[in-house]
Amino acid sequence: MMQQHADDTAEILLKKIRDLPQDRVQEVINFVDFLRSRSQQDNDPILDVAGCLSGKSLSGHEIEEALYGSEPA
Numbered sequence: 282m283m284q285q286h287a288d289d290t291a292e293i294l295l296k297k298i299r300d301l302p303q304d305r306v307q308e309v310i311n312f313v314d315f316l317r318s319r320s321q322q323d324n325d326p327i328l329d330v331a332g333c334l335s336g337k338s339l340s341g342h343e344i345e346e347a348l349y350g351s352e353p354a
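Residue numbering for the sequence shown follows the numbering used here, beginning at 282 and increasing consecutively.
Hints in this document: simulated from the structure, not taken from any laboratory.
Heads up, a few of these hints could be off.
Claimed, not checked - Each pair of labels, with its calculated beta carbon distance range:
1) V309 to Q285: 15 to 25 Å
2) I293 to S351: 34 to 44 Å
3) D289 to I310: 31 to 41 Å
4) E292 to H342: 27 to 37 Å
5) D289 to A347: 23 to 33 Å
6) E292 to D314: 17 to 27 Å
7) S340 to P302: 22 to 32 Å
8) V306 to S351: 37 to 47 Å
9) H286 to I344: 16 to 26 Å
10) D314 to T290: 11 to 21 Å
11) A347 to L301: 33 to 43 Å
12) D288 to L348: 24 to 34 Å
13) K296 to G350: 43 to 53 Å
No experiment lies behind these values; they were computed from the predicted model shown.
A virtual CB, placed ideally from N, CA and C, is assigned to each residue, including glycine.
When you get a sec, could you build the whole thing from the sequences and use the hints?
Laid out in structure tokens, this is it:
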């Protein structure tokens, strides 16, 4: 059941992408790359090492909060 849903979703995306002009397809590719890089940054081992140096492992969010505060810009 879950595989069927994934296949349906992929097919819908493919149909929509095929109807886009080439410059818009490139935007989709760029956006997918951006999303993938964000998920990779969340699991960045460098952030774990940086946190260990202080004696405690810190997440990327904790490091940003320590650097920039918790208030949104």
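Consistency of the hints with the structure:
no. : hint                     : verdict
1   : V309 to Q285: 15 to 25 Å : holds (24 Å)
2   : I293 to S351: 34 to 44 Å : holds (39 Å)
3   : D289 to I310: 31 to 41 Å : violated (22 Å)
4   : E292 to H342: 27 to 37 Å : holds (35 Å)
5   : D289 to A347: 23 to 33 Å : violated (43 Å)
6   : E292 to D314: 17 to 27 Å : holds (22 Å)
7   : S340 to P302: 22 to 32 Å : violated (40 Å)
8   : V306 to S351: 37 to 47 Å : holds (39 Å)
9   : H286 to I344: 16 to 26 Å : violated (36 Å)
10  : D314 to T290: 11 to 21 Å : holds (19 Å)
11  : A347 to L301: 33 to 43 Å : holds (42 Å)
12  : D288 to L348: 24 to 34 Å : violated (43 Å)
13  : K296 to G350: 43 to 53 Å : holds (45 Å)
The structure fails hints 3, 5, 7, 9 and 12 (numbered hints given earlier, in ascending order).
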